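With chain F held as given, fit chain B onto it using these hints.
Read off the chains here:
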Amino acid sequence: MKLNKASMFALMAVLELAGDPERQLSTGEIAAKYGISTHHLAKIMRDLVHNGVVSAVRGVGGGYRFAGNAQRTTLLDIIQLFESLDAETLVQYSSQVNEPVIKELQRIATEIDDLTKAVLDTITLETALKSALCERLNA
Amino acid sequence: MSDHFLTRIATLSDLDAIIALDEFRPDEEKPAYWQEIFNRYVMSDREDRIFLVAQVDAAVVGFIIGEVRAWEFGSPPCGWIFALAVSPQMREMSVGKRMFNEICDRWRKIGIKTVRTMTDRDNRLTLSFFRGMGLRSGRYIELEKQIV
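Chains as they are written, first to last, in this note's numbering: chain F, 1 to 139; chain B, 1 to 148.
Chain F extracted, bound-state conformation (with noise of 0.2 angstroms):
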């Protein structure tokens, strides 16, 4: 599975505004945390406001807080701000929808799509940046 662009880089937003509810950063420092497009990261930001997972703090040091539940988001909320992870549909690809080769290849893309979303689905917030803690204790 590849996500995205604006999904990846708004699990990073999220993930570094949520280890820390009470600070707020700016694009540009988030940005160059994880070596990522500014402007590409601003226009996230505004989709992440306009959806309630993080407020934008203005005047002089700006910059955006988390806004959400970190024990209850979890990165499938997340991803699916910016990009559906429905099955493939073969339709796009083949008239023959009922042959039964296609029906079944439909049924894998199916079967591969439930497992994806039961994983993002089920990784909240707080679980990844417990996980990424330890790694950083262990690095």
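Think of the hints as simulated: they come from the structure by calculation, not from any bench. If you're wondering where the values come from, they're calculated on a predicted model, not measured in any experiment. Fair warning: there could be bad hints in the mix.
[As the list claims (entries may be wrong)] Ranges of calculated distance between the beta carbons of each label pair, as one might list FRET restraints:
#1 B:R46 <-> F:C134: 27 to 37 angstroms
#2 F:L133 <-> B:P88: 26 to 36 angstroms
#3 F:T116 <-> B:I110: 32 to 42 angstroms
#4 B:D57 <-> F:V49: 44 to 54 angstroms
#5 B:E92 <-> F:V49: 23 to 33 angstroms
[Said to hold, decoys possible] Sample of chain F residues with no beta-carbon within 12 angstroms of chain B, all distances over it, derived:
#6 R23
#7 T27
#8 Y34
#9 A118
#10 A128
Beta carbons are placed, not taken as given, at the ideal position from N, Cα and C, and that holds for glycine.
Same frame as chain F, now just chain B:
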């Protein structure tokens, strides 16, 4: 969390409370099922079979059950958790975490290095709990087929 929290081996007198926490089985099957589980996991007095309850003050508020299984499908001995429940009123108070840590500690003492479980993929509550305890997808993949 009350200071009077403890995890301990289940006793026969806990079964009514355990049955009340069981959300899965039909009511008429519960007494026989839980008596059998009690016999297998407590009366057998084996340190690889563990049936723990969480108690707050005098009330049983959760349970966890597991056993060591060895060499099924080539897997070295590992601790299998096959039942876990926490009273809805006591969730997000570390009851599950404390029971999980206790069962892992007991298995660790007898040389077990891996703990494993299986959960319905739609059961977000339990899956998220185990994820939070550090479990990840393992080397074994569950497969099934309808045969009727």
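Verification of the supplied hints:
1. B:R46 <-> F:C134: 27 to 37 angstroms: 32 angstroms, holds
2. F:L133 <-> B:P88: 26 to 36 angstroms: Cβ of L133 (chain F) to Cβ of P88 (chain B): about 29 angstroms, so the range 26 to 36 angstroms holds.
3. F:T116 <-> B:I110: 32 to 42 angstroms: About 36 angstroms separates the Cβ atoms of T116 (chain F) and I110 (chain B), which means 32 to 42 angstroms holds.
4. B:D57 <-> F:V49: 44 to 54 angstroms: 45 angstroms, holds
5. B:E92 <-> F:V49: 23 to 33 angstroms: 28 angstroms, holds
6. R23: Nearest chain B Cβ is 23 angstroms from R23 (chain F), so the label holds.
7. T27: With a cut-off of 12 angstroms, T27 (chain F) remains clear of chain B, as the shortest Cβ separation is near 30 angstroms.
8. Y34: 23 angstroms, holds
9. A118: 4 angstroms, violated
10. A128: 9 angstroms, violated
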